[in-house]
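Asker: The residues making up each chain are set out below.
There are 2 protein chains.
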Amino acid sequence: MQFLILGSAAGGGLPQWNCLCENCRLAYRRDGRLTARTQCSVAVSADGENWVVLSATPDLRQQIISNPELHPKCAPRHSPIKAVFAPNGDIDNIAGLLVMREMQPFALFATRSVMAHTEGGVFGVLNADLVQRRPIALDESVDTGLGFTITAFATPGKIPLYMESRNEAEIELGAEGESTVGLEIRDGDRRFYYIPSCARMTDALRKRLEGAEILFFDGTTFEDDEMIRQGLSPKTAWRMGHMAMNGERGSVRTLADVDIGQRIFVHINNSNPALRHDSAERRQVEAAGWRIGHDGLRIDTAEARS
Amino acid sequence: MQFLILGSAAGGGLPQWNCLCENCRLAYRRDGRLTARTQCSVAVSADGENWVVLSATPDLRQQIISNPELHPKCAPRHSPIKAVFAPNGDIDNIAGLLVMREMQPFALFATRSVMAHTEGGVFGVLNADLVQRRPIALDESVDTGLGFTITAFATPGKIPLYMESRNEAEIELGAEGESTVGLEIRDGDRRFYYIPSCARMTDALRKRLEGAEILFFDGTTFEDDEMIRQGLSPKTAWRMGHMAMNGERGSVRTLADVDIGQRIFVHINNSNPALRHDSAERRQVEAAGWRIGHDGLRIDTAEARS
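Sequences listed follow chains A and B, in order.
Using this note's numbering, the letters of the first sequence correspond one by one to residues 39 to 344.
Using this note's numbering, the letters of the second sequence correspond one by one to residues 39 to 344.
It is possible that some hints are incorrect.
[To be verified] Heads up, simulated DMTMM-like pairs for lysine to aspartate or glutamate below, C-alpha to C-alpha not over 25 Å straight-line:
no., chain 1, residue 1, chain 2, residue 2
1, B, LYS111, A, GLU60
2, A, LYS273, B, ASP69
3, B, LYS120, A, GLU60
4, A, LYS120, B, GLU60
5, B, LYS273, A, ASP167
6, A, LYS273, B, GLU60
7, A, LYS111, B, GLU60
8, A, LYS111, B, ASP69
9, B, LYS273, A, GLU60
To be clear, the hints were calculated from the coordinates, so they are not data collected in a lab.
Bound-form chain A, shown alone (with noise of 0.2 Å):
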């Protein structure tokens, strides 16, 4: 299997648009202390030439262009990506289907409440004789047809921020369901899981991920609290569906015991300071065993046994 991490960053991208945080001046300085990133995607294939996209981002357009696996192979019109599986219906995670639009066949894989936000408005765009919409249950194993099956599980986490009520006592946080889900890229018995978005640690959680061959692993903030204490924002990570590498609730600790040949974070906002080479959370968080993903991050696990 290889894998391929498109964009490691998480909504926004490193450096994001608005945003002058202490990482945002280093990415728009091009200063070696941290790479820029584009959002969080990972590009999966067995045989290296069929690839399906788990995320299609805003970037989606870069991130093709920055990766020769992803390049058309063949005039006038072809693509390697053979099929897309959007894990939530966030921005981050759909609005790169707007970039795939006109002439080229592909599957767009989705729980019905994510598929949802992918139809109407501008997405009809897609080209609905030739882009094949294919709504999946939780827990349903998909055959993609490439090799692998891939499998969506309900993680804790929330509705799109552009589906929240604005009154916030009405926004349920931490609901497991349809609206995020963690993927299962099975191969045989050998398993893989990308799951950008989880807002905690859950028993059953740590039981799925026993014996897993790499995890993707949702790296949003080091701390909880960091865009608040930033003055970025007045949002915890929990808050946004996510969770911190560090604590006692963390995600470092709470993957500790679990038997996990490589983990890695992506989906990295751009407030973490383990984003810079330099800094000790790297360190902290590479001492306990994780990579910080980077964007063109490639692992073949055929070479990987060899």
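Given the structure of chain A, go ahead and fit chain B onto it with the hints provided.
Answerer: Coordinates of chain B only, in the frame set by chain A:
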């Protein structure tokens, strides 16, 4: 006045995600015979600090990062982009609004019919407390408050692709109304034009453009039928709501006798041979007094006059 071409390609950009026509192949290979281009947009400013973006393309995040003028200037949140004008409701003119999310005030100007395409669904992500929606009437001069006015005027065009009837006979081509507009930027008596979509030349348009200092004009194709001949699409430029550069009814010929300071093609389709520096078509349009716009092209009219 300062003008900055953020993007110079037609919808889909150069290269397109699923195209391996001659120009796209060269662009994917980073061949020196042409340069890659993002989707068509021009930024305009009187003071160099506050900018209005004409067309919010899906590439807007990348366009901001590529142009220091549009970087945030102070922490924590800031943007030099004070307003956006959407000249039509196509994906390449409005999808960039999905990039401009959360905690940043700006004004969005569009005709009522185009504004309607930016409401509801995913566009709910625009913060209603911060984004001022300003519907504009045709031929109404809008004071941007930044030292210049902008007036939208109807150009021959059509409704957005994603709103088209599946019954080809029902699609009205070359209609003049609110669906497709040109923008007149005015600083006192000085006039500048941004017209990324124009299906045919009219006497009224020729008359309007007389005496313009700069014209950024629809350069979609070189020949009306080139996409058909290249096997890329069954559509002519006319069918897409755009003009060819060449021919009796083309822009070069029909604007030849109009007094215009600088004439610059933008919204150039991947199929257009004039994109190649070494092409006969490039030599022909340049000999006729046109420039082929490219991303990052800057024009400061103060410098131009000094």
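Asker: Would you mind marking each hint as holding or not holding in the structure?
Answerer: Results of checking the hints against the structure:
no., hint, verdict
1, B:LYS111 x A:GLU60, "holds (13 Å)"
2, A:LYS273 x B:ASP69, "violated (46 Å)"
3, B:LYS120 x A:GLU60, "holds (23 Å)"
4, A:LYS120 x B:GLU60, "holds (23 Å)"
5, B:LYS273 x A:ASP167, "holds (17 Å)"
6, A:LYS273 x B:GLU60, "violated (48 Å)"
7, A:LYS111 x B:GLU60, "holds (13 Å)"
8, A:LYS111 x B:ASP69, "holds (17 Å)"
9, B:LYS273 x A:GLU60, "violated (48 Å)"
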